[in-house]
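Spelled out from the first residue to the last, the chains are:
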Amino acid sequence: MAKVTIDGIEVEVADGTTILNAARQIGGEVVPPAMCYYSSLKDTGGKCRVCLVKVTQGSAKDPRPMPKLVASCRTPVMDGMVVQNITSQEVLEARKGVVEFLLINHPLDCPICDQAGECDLQNLAYEHGAAKTRYEEDRRTFEKIDIGDKIKLHMTRCILCYRCTFVADQLTNERVHGVINRGDASEISTYIEKAVDNEFSGNMIDVCPVGALTDKTFRFKSRVWFTKPLDAHRNCDKCCGKVVLWTKGDDVLRVSARKDQYGEVKEYICNECRYDHKNMNDWTIEGPRHIDKHSVISQNHYEKIDMQKLKLDIERQIQFQKGKQLPETNQSPA
Amino acid sequence: MARLLEHINVPGINTFDVYRKHGGYKSVEKALKTMTPDEVTEEVKKSGLRGRGGAGFPAGMKWSFLDRKSDKPRYLVCNADESEPGTFKDRYLMEKIPHVLIEGMITSSYALGAKTSYIYVRGEYMYIIRILEKAIEEARANGFLGKNILGTDYSLELYVQPGGGAYICGEETALLESLEGKRGNPRLKPPFPAVAGLYASPTVVNNVETISAVCSIVNESGDEYAKIGVGKSTGTKLISASGHINKPGVYEIELGLPVEEFIYSDQYCGGIWKGRKLKAVVAGGSSVPILPAELILKTAKGEPRLMSYESLSDGGFATGTMLGSGGFIVMDETACIVRNLWTFTRFYHHESCGQCSPCREGTGWMEKVLHRIEHGHGHMEDIDLLVDVAKKIEGNTICPLGDAAAWPVASAIRHFREEFEYHVKYPEKVKNPKHFELEPFRSEKVLAGV
Amino acid sequence: MSEQIKPIQFSAETMDLVQRIIKRYPEGRQKSALLPILHIAQAEFDGWLSTPVMDYVASILSIKPIEVYEVASFYTMFNLEPVGKCLIEVCQTGPCWLRGADDIVEHFEKKLNIKVGETTADGMFTLKTVECLGSCGTAPMLQCGSDYYENLTTEKVDTLIEKLRSSNQRSTYMKSNMQEI
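Chains as they are written, first to last, in UniProt numbering: chain A, 1 to 334; chain B, 1 to 450; chain C, 1 to 181.
Chain A on its own, in the form it takes in the complex:
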């Protein structure tokens, strides 16, 4: 076990835990944002640089500070490490810089983007972005293309997190898309016009932090905040069958995997569940999906106060004050 202090809060975590995951065990404000790291996909992280933090003490044994800000998602903690995230002006400045870099070539087409309302870049820009742009050059653009009959690729919106390539590598055995070219000409592509076609390809949509990969079956159907998300499941022999149905009245507009409070899917779903069961009768409805109250999606809200969850939240706070290992929250009952 290693004791680490993040923004003045001490937590004890298993050896080999990254700073980011240690912060997630504390929870709340001290958790650095992450645009490319994805805990259920091996080797992700380190690229977007929004999770940079300052290590003011390397370890109890070697208390020297680290010379540069480090990517918290890929830096393991050491016993006695002291980390600053939101308490460091340097970190906040750097993060603001990274957000600006991510936005200079982004089309800012949120008004017509299906991801709006559940977009990590939108949230990040809201918290760390500047109101005005300093970028007066032409923005980089790409043609939008279909990669397969169910997924639309808007390369112009992509932030090159590489998550979708890891999905293809780790969830399927035949990766046909990847990152081609280099530098700011890099793009997600199949290179030749080829369909991404396998049973788990739809998960690329869920892991995409922006609107670069969207579900064609949901395209322009509804703003996400006008839908009601419901937790549901079905017996599926290919995947866990646990999903979220994004509904309007009795219509199922979209099916997605379930994401935790950090926007991460822990249990991936197959394409059959995602695309072929857009009928309420195909599913056992568990109840409304809990949506963070700060999210625009919860604006028209209908979710009753979940006493069980409230109790868990309070217990979590108490445990946290005692420096205990914390259970995952926001996991809907199976």
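In short, the hints are calculated from the structure, not lab data. Any given hint might turn out to be false.
Claimed, not checked - Restricting the straight-line Cα-Cα distance to at most 30 Å, the calculated cross-link-like pairs of lysine-lysine (DSBU-like) are:
1) A:Lys68 <-> B:Lys232
2) B:Lys391 <-> A:Lys132
3) B:Lys72 <-> C:Lys23
Chain A is fixed; fit chains B and C onto it per the hints.
The following block gives chains B and C in isolation, referenced to the frame of chain A:
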């Protein structure tokens, strides 16, 4: 102490026989027959030899980090991906005396316990690859490579690997990725190559010149090597001299040589061409901060600036620079600092791997702004914008390419801000790409007698 | 035009070289041979890497085609579109610019009547500007195939164009035809 380029003018020195006649491959004999691998490493440590690729990290210390407990094979990989603008010393050395690198590779591989080693050469140097392959064949034919070298237990295979055109592969982990047949995306560290490098095995990556220097360190001892130079800058260094000088080329200098002597002596650069005045120098390859004439010749304290790691960095980035890879680029009074910087920034934009956001987006942004300023479309705010963008790239990227792109921008504005302002104020005067060749830039403050 | 219908298959001799290259790396690490083999493939198949050629390389190395596309498109020496018989690559980075690279590029544009990035109508020359080739002490310079042409002047450019035109050979990184110009 034998110099790297000592026999450079001997006819046929690129062949095994002539090289051998002039003392070549002695270090292999000495190391394999009379020294343990650790003793060789110890000599390299004692020599104080610092990495000649640019970072200047002590080579012996890098060797000592190699995980020798691992049961995986160990690798030595030579970084011959020389691509830093202003640097061409490795090409010169490999072309003229290929065997000194092969000899250094054998001796160093022995010290590190590597049984297979690779020389990764930038793809554009394809003709150098042919030269090295021929040298390897000669060494093998003479019993210096392959099984049981010189009848000892030690066996080594040595291969040359071509790159495909990517500056970033000079970064050691990008090089290893490339050698594994992948895109040259630098890895996140830790783990460092000493623990998990090529094929996730313990690996040392050293520059061509570093490995070549091992030969005379082993032949004549680390202590002898350390006698040359000044302070922690021991030994000799190959300097690639380019730009507005009378005698561009590669020069082997003893570290500690005064910069002024290097620029003006006929033994080296031979002074500024066309009888013009010195304006600025980029002393260690395009990545290091540019310095105006007065600061490259003398430190801010007024002491003569020396060609050494310490003296060149005296004053920090405020008034100093770095020795870097030894790519010494000289500019005369007609050079436009903005245009030169634009070509550098265009280079980094072109060479960014695109993996992490600050470098991918920031290098292109800086290039576009610099292009505008240079072509007479800049605004005054652009100058501070550049400083700020550079600051937001620096230190925040996966690999040092971000720093390498940021430092030239920050330093050019630090020392030559007036010239940037001139481009904004007088767009008509900079429309001709050769504007300062027609009339050298004169500081308005100087003209006003301030 | 027999060149274009050449089947996508290495000659026995080339295949032998390819197999020897693969043996340079440990078992299971044959992907390491990708860059050397792409160079060979480009030289064998008309100076550029078409999709079928890259797929062929993928099959030799037992890797996915996308792995080849990713790599080939990352490195600047691999041409993913056809190029002229002689690919002229003029260095334009700082040290070359300081010694007149712009004049060399301009002269080529005038002489060949094409802009940078274009190919002459007869398919003989493609003009390209590149970043630092490590020949700053002999600037300005260019690369054509594996050959470096250094200390360029406009007169030397004229001679070179004539020489390349009369030899009428495809430039390749794999073979050296270097002669003094």
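Structure-based check of each hint:
With a C-alpha separation of about 25 Å, the suggested pairing of lysine 68 (chain A) with lysine 232 (chain B) holds against the 30 Å cut-off. Of the supplied pair hints, the one linking lysine 391 (chain B) and lysine 132 (chain A) holds, its CA atoms being roughly 19 Å apart against a limit of 30 Å. Taken as a hint, the lysine 72 (chain B) and lysine 23 (chain C) pair is honoured in the structure, with Cα atoms around 19 Å apart against an allowance of 30 Å.
Checked against the numbered hints listed earlier, the structure breaks none of them; every hint is satisfied.
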